Amino acid sequence: MNKAVKVILNILIVIAGLAFLGLFIDMVGSFKYANREVEDPAETRKDVFEYELKHRAYNEVLGTWYVERMSSLEPSSGMEDIYNVAEYAHSAFMARVYAEKNDGSAIGSNADRMETVKKRLGDYAYTADEVDNIIKKAP
Amino acid sequence: MICEKCNREIGPEELTCPYCGHENPFAAKHSQNMKQFKRTYQKTKDEVLDSAKNTSELAKKAAILIVLVIGCIIMSVISSYNYSDHDPDEEIRRDAEKNAAIYVSQAQDYLKRGEYTEYMSFLYAHELQNFPPQEFDHLRHVNYVVSEYYECIRHMEEIVLRSDDPEYFDGLDSDIKIFCMYANGFYEVYEVQKESEKNKEYLACIEDMKTELEAAMRTYFSMNDDELREFIAASEAQKAVKLEEIFRHE
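As you go down the protein sequences, you meet chains A and B in turn. Using this note's numbering, read the first sequence as starting at 1 and increasing by one per residue. Using this note's numbering, read the second sequence as starting at 1001 and increasing by one per residue.
Hint data in this document are derived by calculation from the structure and do not stem from the laboratory. Heads up, some of the hints might be wrong.
As the list claims (entries may be wrong) - Incomplete in silico selection of chain A near chain B, CB under 10 Å:
hint, residue
1, 57
2, 73
3, 74
4, 97
5, 100
6, 102
7, 135
8, 139
Since we're looking at a predicted model, the values are computed, not measured. All C-beta atoms, glycine included, are put in the ideal place defined by N, C-alpha and C.
All chains, please: the whole structure from these sequences, using the hints.
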């Protein structure tokens, strides 16, 4: 009886020892995973943004803005220009809608917002003219 | 005890009487018993010690096994924790639960000002659209309409502001398809929600969204009222064909 118990215990200890070793290696790997360097998407996003502006693809800038705003209304670091350009494009789009709707207060507040955003555009001030031109000519 | 011959007191282990020399039969038997007892005692002692040694060995092995199993459990818990990608929105949801009363008032302000896309972005950013706290229950129905309106405006903007560069990817077809899907969705939801008693408070907003969406369609699709009515009544595919004609100048 004792001998059988001893044999069973020995087998269990060997199995548990191997599992211990395996899990230890796995745990060391998990720490490496947890402390991995996460690539900052802002730099890549900036390059894509420049590429989109080069081709006047404001729809893509707006698409990014809508997606980003689902997580945060304020731009994260490096996303400020994208937010500004997209916000201007959205306001410019809505300006014609409010005019058609003949909504005086919305026209006024939207125009104020466009002016404020335009001032924030900085190096991208030219995008306001491009957006205005596209909106004016649409469809 | 008493000597059988001289009746004097003698010790139980004395084999002969120290007084008369008579043999003490009890002492002989006692001596034999003691020898037997010592043997039995030694045997039992050996067995007990042996058993204790064995038990101690088993206990040691069991302890090692328990330590290994506990170690395995702890390490697997640590590994699972490290490998799990923590939900970044969890904190936002906790914040929304905590500040629900403030957020509901801010959300209502957006609706009152007619800033519907901002309202929707606000809900998404605070995880209030997918995980609304109780305080947002009364906005649930109007949210169905705002959500469709938001998607319509978003995709209309993407159609209007698409790249005119022939070298750039032309995603007009899919943008139009998505817009038509949401436009149909908007009118379906609008018809249901405008009749709902639950939306009494927000009926003006619902009507305003419809007016605004139709103003946008009239403006950016170059449609008069009759054309717009016809467009709204058309199927998703017919809408798409019409928009293709408009935006590709076919």
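inquiry  = Of the numbered hints stated earlier in the document, which are not met by this structure?
reply    = none
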